[in-house]
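S.K.: As a plain string of letters, each chain reads:
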Amino acid sequence: MNILVKNLTKFYGSVLAVDNINFEVRHGEILGFLGPNGAGKTTTMKIITSYLAPTGGHVLIGDIDVEESPDEARRHIGYLPENNPLYQEMFVVDFLQYMAQLADVPKDRINSRINEMIEVCGLQEVKHKRIAHLSKGYQQRVGLAQALIHDPEILILDEPTTGLDPRQIIEIRELIKKIGKEKTVLLSSHILAEVEATCDRVVIINNGKIIADGTASDLRTQLFQGQRYTILVANKSLEEIEKQLKDLASLENYKVIDPEQKIISIQGKGDVDLAQDIFNFAVAHGWVLTLLAPEQTKLEDIFIQLTSDN
Amino acid sequence: MNKIMTIAKKELNTFLDSLSGYIILVVFLGITGFFTWLSANNIIFIGQADLLPFFSVAFWTLFFFVPALTMRSFAEEQNTGTMEILLTHPVSFSQVVIGKFLGDFLLILIALGFTLVYYISVALIGPIDHGATVSGYLGLIFVSMAYISIGIYASSLTRNQIIAFLIAVAIGIFFQFIFGIMASISSGILSEIFDFLGFNYHYQNFARGVVELKSVLYLITITVLALSLSVLNLYSRRYK
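Residue numbers (the numbering used here), protein chains in the order written: chain A, 1 to 310; chain B, 1 to 240.
These aren't lab readings, by the way, just hints derived from the structure by calculation.
Keep in mind that this is a model prediction, so the values were computed, not measured.
Note that beta-carbon positions come from the ideal geometry of N, C-alpha and C, so glycine has one too.
There's no promise every hint is true.
As the list claims (entries may be wrong) - Derived lysine-lysine pairs resembling DSSO-like cross-links, with alpha carbons at most 30 angstroms apart:
1) A:K255 - A:K178
2) B:K3 - A:K107
3) A:K209 - B:K240
4) B:K9 - A:K6
5) A:K209 - A:K243
6) B:K240 - A:K129
7) B:K9 - A:K127
8) B:K9 - A:K107
9) B:K9 - A:K136
10) B:K3 - A:K127
11) A:K129 - B:K3
12) A:K209 - A:K127
13) A:K136 - A:K183
14) A:K183 - B:K214
15) A:K243 - A:K262
To be verified - Pairwise CB distance ranges (calculated):
16) A:D108 - B:L16: 45 to 55 angstroms
17) A:Q124 - B:V134: 51 to 61 angstroms
18) A:S14 - B:T221: 35 to 45 angstroms
19) B:G30 - A:E89: 22 to 32 angstroms
20) B:E192 - A:H133: 55 to 65 angstroms
21) A:E116 - B:F177: 23 to 33 angstroms
22) A:Q124 - B:V216: 50 to 60 angstroms
23) B:V117 - A:G62: 56 to 66 angstroms
24) B:A123 - A:H133: 38 to 48 angstroms
To be verified - Chain B residues, not near chain A, derived (Cβ > 12 angstroms throughout):
25) T14
26) I23
27) W37
28) I85
29) P90
30) V91
31) S135
32) I185
33) N200
34) N205
35) S228
36) Y235
37) Y239
Given these sequences and hints, build the entire structure.
M.R.: Below, the structure is given as structure tokens:
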């Protein structure tokens with residue numbers, strides 16, 4: 001089942017929170033929904049799960065319109081809201097049972113589904129405890145178990161790793177990746193490393209508008225044309241290197257990263273093979289090139305570039 | 001229907017599983033018991049096997065007791081955000097509201113069930129009007145229904161339980177005695193209308209052993225009205 005978001009708009013009073021956005025999440029894909037706080041991620045997710053009504057536009061779950069048949073759509077959606085709200089006073093097993101009943105899990109399957117979720121989400125040790133007494137990491141797993149209890153085809157996760165420690169974050173990510181293989185997952189985050197580590201594709205949203213959509217590597221090539229290499233020349237002084245570098249034909253610009261170590265970052269022009277050019281250039285000028293390493297543009301750079309324009 | 005029972009059961013369990021639920025219950029029984037047995041005007045003092053003292057104090061106790069029960073129903077869910085997991089499941093707003101209503105109602109029935117001890121013990125002392133007792137309990141049940149639904153509506157308006165309690169009491173106070181006062185200071189048809197609007201008028205009939213259809217219908221109307229307003233409120237919240 002796919003999620004299709006079409007011309008979606010949401011006003012809170014006179015404040016425009018989501019501005020005519022379009023995107024699709026395909027089956028078996030984990031889509032990272034990325035944006036700074038207040039960009040409209042949570043609002044969009046609340047509309048997809050039919051908690052809020054859109055001001056304009058549609059959300060389709062497969063071919064079910066969420067506004068027209070919300071109950072039908074909800075049966076296919078598992079939702080972990082922002083901050084993972086849970087009934088703190090309930091026991092884990094009772095809570096999962098309540099959620100299963102609300103989600104229309106057939107009576108004879110409820111117990112086996114609860115056991116499955118306890119297994120998958122690693123809740124064995126805490127299943128008879130009150131939710132309030134669990135650590136944040138365990139609570140997050142309970143939240144995921146709740147979202148998955150009816151085996152939904154679609155999973156909406158709003159900042160699933162907020163407030164967890166690094167080890168818990170890795171555990172939850174692994175869990176999401178494992179689950180995400182057979183489902184359609186939309187995962188929001190303002191942490192870029194998270195999206196890069198977990199997601200197949202990224203949609204970046206800012207001020208209610210989508211400003212980028214593609215795989216992390218797509219976005220890199222789209223936004224940062226030309227390659228980038230780090231070099232180190234052992235037998236020349238920094239001044240000499242800088243002076244001679246100006247003659248490198250395929251050079252777009254360069255930046256001295258570490259004057260002590262003489263490490264320089266070189267940005268190439270459009271479509272040239274920068275590594276080869278640098279090597280030939282070094283041979284021609286008698287450089288002893290001890291480092292020639294390609295640089296990866298981080299998603300972070302893309303994100304900052306895209307969202308800082310406003 | 002299944003969903004309603006699921007929600008009602010969860011609500012009831014939350015009360016029975018928490019200390020505050022028992023505290024409210026004990027306070028209710030304590031107050032009604034105290035006024036029935038120990039204070040002036042009590043059964044022993046009037047020297048008559050009569051539950052009227054109980055019925056008049058229960059009427060007032062419920063007026064505070066019910067909002068204390070209902071204040072958490074939606075306010076807490078809105079405050080903690082669990083409203084979001086509740087309402088993104090395949091349940092309708094009316095199922096949620098009725099489920100919560102039923103959960104609270106069952107707890108009131110349990111509380112009233114305990115007060116049957118008063119009835120039994122009074123019946124052992126001397127001859128008692130069984131008919132009036134049954135109709136008195138019916139009165140308590142119908143008035144409770146109206147107050148529960150008013151309380152649930154108040155709770156749907158805010159995320160603060162104390163404010164929910166105060167709103168419920170503020171609305172309830174009209175039915176509890178302001179309409180009665182207005183009836184006594186006005187005259188003619190106006191006085192009759194105000195008298196009819198107040199719960200006291202209807203409740204007095206029940207307590208005396210008179211079950212009138214118009215009273216039953218009036219209290220049910222208030223119940224349905226307040227529950228409908230709660231549903232409407234959940235509905236409009238989506239468009240904010």
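S.K.: Hinted pair, alpha-carbon criterion (30 angstroms max): K183 of chain A, K214 of chain B. Please report holds or violated.
M.R.: Since the Cα atoms of K183 of chain A and K214 of chain B sit roughly 57 angstroms apart, the hinted pair is violated (cutoff 30 angstroms).
S.K.: Honestly, do A123 of chain B and H133 of chain A meet the 38 to 48 angstroms range at C-beta?
M.R.: holds, 47 angstroms
S.K.: Take a quick look at Y239 of chain B and tell me if its Cβ sits farther than 12 angstroms from every Cβ on chain A, holds or violated.
M.R.: For Y239 of chain B, whose nearest Cβ neighbour in chain A is about 5 angstroms away, the distance does not exceed 12 angstroms, so it is violated.
S.K.: Confirm or reject the claim that V117 of chain B and G62 of chain A have a C-beta distance inside 56 to 66 angstroms.
M.R.: holds, 58 angstroms
S.K.: Would S135 of chain B pass as off the interface with chain A, using Cβ distances and a cut of 12 angstroms?
M.R.: At roughly 37 angstroms from the nearest Cβ of chain A, S135 of chain B sits farther out than 12 angstroms, so the non-interface label holds.
S.K.: Is the Cβ of I185 of chain B more than 12 angstroms away from each Cβ in chain A?
M.R.: At about 43 angstroms from chain A, I185 of chain B clears the 12 angstroms cut-off, so the statement holds.
S.K.: Mind verifying the non-interface call on T14 of chain B? Its CB should be farther than 12 angstroms from each CB in chain A.
M.R.: violated, 6 angstroms
S.K.: Does the structure keep K129 of chain A and K3 of chain B at a Cα separation of 30 angstroms or less?
M.R.: Roughly 25 angstroms between the alpha carbons, so the hint for K129 of chain A and K3 of chain B holds.
S.K.: For the pair we were handed, K3 of chain B and K107 of chain A, check the Cα-Cα distance against 30 angstroms.
M.R.: holds, 12 angstroms
S.K.: Y235 of chain B: least C-beta distance to chain A exceeds 12 angstroms?
M.R.: violated, 9 angstroms
S.K.: Hey, is V91 of chain B genuinely clear of chain A, shortest beta carbon separation above 12 angstroms?
M.R.: violated, 6 angstroms
S.K.: Take a look at whether the Cβ-Cβ distance between D108 of chain A and L16 of chain B falls inside 45 to 55 angstroms.
M.R.: At 27 angstroms between Cβs, range violated.
When the structure is compared with the earlier hints, violations turn up for hints 1, 4, 5, 6, 12, 14, 16, 21, 25, 28, 29, 30, 36, 37 and for no others.
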